[in-house]
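Enquirer: Our numbering numbers the first residue of the sequence shown as 1 and each following residue consecutively.
Hint data in this document are derived by calculation from the structure and do not stem from the laboratory.
Where a beta carbon is used, it is the ideal one built from N, C-alpha and C, also for glycine.
Please note that the accuracy of each hint is not assured.
Unchecked claim - So the derived label-pair ranges between C-beta atoms look like this:
{"hint": "1", "residue 1": "Gly418", "residue 2": "Arg89", "range": "22 to 30 Å"}
{"hint": "2", "residue 1": "Phe222", "residue 2": "Glu96", "range": "27 to 35 Å"}
{"hint": "3", "residue 1": "Ala14", "residue 2": "Glu67", "range": "34 to 42 Å"}
{"hint": "4", "residue 1": "Pro414", "residue 2": "Glu185", "range": "54 to 62 Å"}
{"hint": "5", "residue 1": "Ala14", "residue 2": "Ile410", "range": "44 to 52 Å"}
Claimed, not checked - With a straight-line Cα cutoff of 25 Å, these simulated DMTMM-like cross-link-like pairs (lysine to aspartate or glutamate) come out:
{"hint": "6", "residue 1": "Lys320", "residue 2": "Asp228"}
{"hint": "7", "residue 1": "Lys236", "residue 2": "Glu170"}
{"hint": "8", "residue 1": "Lys232", "residue 2": "Glu137"}
{"hint": "9", "residue 1": "Lys213", "residue 2": "Glu190"}
{"hint": "10", "residue 1": "Lys188", "residue 2": "Asp132"}
{"hint": "11", "residue 1": "Lys178", "residue 2": "Asp119"}
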Amino acid sequence: MTFTADSTLAEVIASAKARAVVATHLPELLEGSQALPNLDQTLADLPYPWHRRLPALLRDLNRPAEEVWAQEAEQLSMNALDREAFAPRFTPWDNEAEEVALVAEPVAHPAGAPCLSLDGEWQLAEGGKLRDRLNGEWDDAIPARVPGSVHTALVEAGRIPETTFGRNQEIARQESFKTWWLRREFAKPEGMVRESLMFGGVANRCTVWLNGKMLGGHEGMFGGPDFDIADKLNEKNTLVVRLDPVPFEIDKGRAFNPDSNDSWKRTVVFNNVYGWHYSNLQSLGIWRSVHIQGQPAVALVDPFMRTVDAAGGIAELALKFEGEASGWSGTLRATIAPDNFEGQPFSFSQRIRSDAANHSCNLRVQIPDPQVWWPVDMGGQPLYRVTLSFTPADGGAADARDFNFGLRTIEMAPLPGGPRPDRFNWTFVVNGAPPVSYTN
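Using the sequences and the hints, build the whole thing.
Expert: Next up, the structure:
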């Protein structure tokens, strides 16, 4: 039988092959949902959103039965497909971990490389020519706090009304599609070597100049930008950042909603579909801290702690080091101490050596009397603070980092009934215990 848009739903589900196809494209039909149309209706009469699946449904309904059964046998669940599509190809935990014993006493840490924060009050101005913004006076500027957003500065200066009241977002939204400039002056920091200018995050696309010379640009809210400025500093310095307008795009099929903006699909921003749910205000600004950092001889890069066994207090520390290309050596010191509760601090020291510039390693520790972190209503939220430092053997500048973490494991597991190929049938499991309630 050949299926067309004029076939009824009853005709479609009359054969086993067709039911297998329907289970893939219209699983609700076989579950007897009251929201579904009458089985006497034709496929062409399917209401929204089911009519959107009609082309794919007809294609598979008219495929040879052997192809349908072969695909059915090989079909993975939606969970499995997502797991494969988004699985990390390399993680810090691929390295074998070395076990390190903790001692019940603190350890002294050297000071890290010096740092100059550029947070605070900047100047903010709209538009203008490049040469005027780099060399001229900013008579039209208003104060702007960094970290912060353009819209927050405009509200505080009385240029636009409070964005969270009434329909004021419609007024504020216009400011997202303009070019904005930010400027900050600062003196050359003392006691630093190999200075780097480091942005924690800029939304969404920016270009940076220091003393009239372009350092570079960056797109995406995360991951910098960072610049080497060791040979570019004067006694007095001027830092200028241009924020490009948020792009405006409407994809085909969404022209019915002129307030929509699909540009979020082509860059790196917060998980926010512009115009969906509650907010239609595309933010821009220097939204994380800015600082100048003197570089240590060997840098500790993005250290991270993960829990292996919460109840047993077993955790792994992933470490990356960056030093001279000729190689380096030194001492890593670590302290793990209660951060928001009373308890005993623990520490260890470890010699680290590398014959190359970059080196990675994993260290496994077991924390005595572990205090396990739980979600709200399932237990307490104790946190530990990890303090790390690395001192080069040749006496070079040390580096130091600190961060907090909770002893907890988070996994994905199928809901009761097991995994299904036609839907995302899973929940989060924390410390081996599923949550007490489910939500979508």
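Enquirer: Next, verify each hint and record whether it holds.
Expert: Do the hints match the structure? See the list:
1. Gly418 with Arg89: 22 to 30 Å: Given range 22 to 30 Å: holds, Cβ gap about 28 Å.
2. Phe222 with Glu96: 27 to 35 Å: Holds: the Cβ-Cβ distance is about 30 Å, inside 27 to 35 Å.
3. Ala14 with Glu67: 34 to 42 Å: Distance hint for Ala14, Glu67 is violated at roughly 19 Å.
4. Pro414 with Glu185: 54 to 62 Å: Once the Cβ atoms are compared, 58 Å apart, the range 54 to 62 Å for Glu185 and Pro414 holds.
5. Ala14 with Ile410: 44 to 52 Å: Hint holds: Cβ distance 45 Å, inside 44 to 52 Å.
6. Lys320 with Asp228: Holds, at about 20 Å.
7. Lys236 with Glu170: 41 Å, violated
8. Lys232 with Glu137: 22 Å, holds
9. Lys213 with Glu190: 22 Å, holds
10. Lys188 with Asp132: This hinted pair holds, its Cα atoms lying about 24 Å apart.
11. Lys178 with Asp119: Distance of about 23 Å is within 25 Å: holds.
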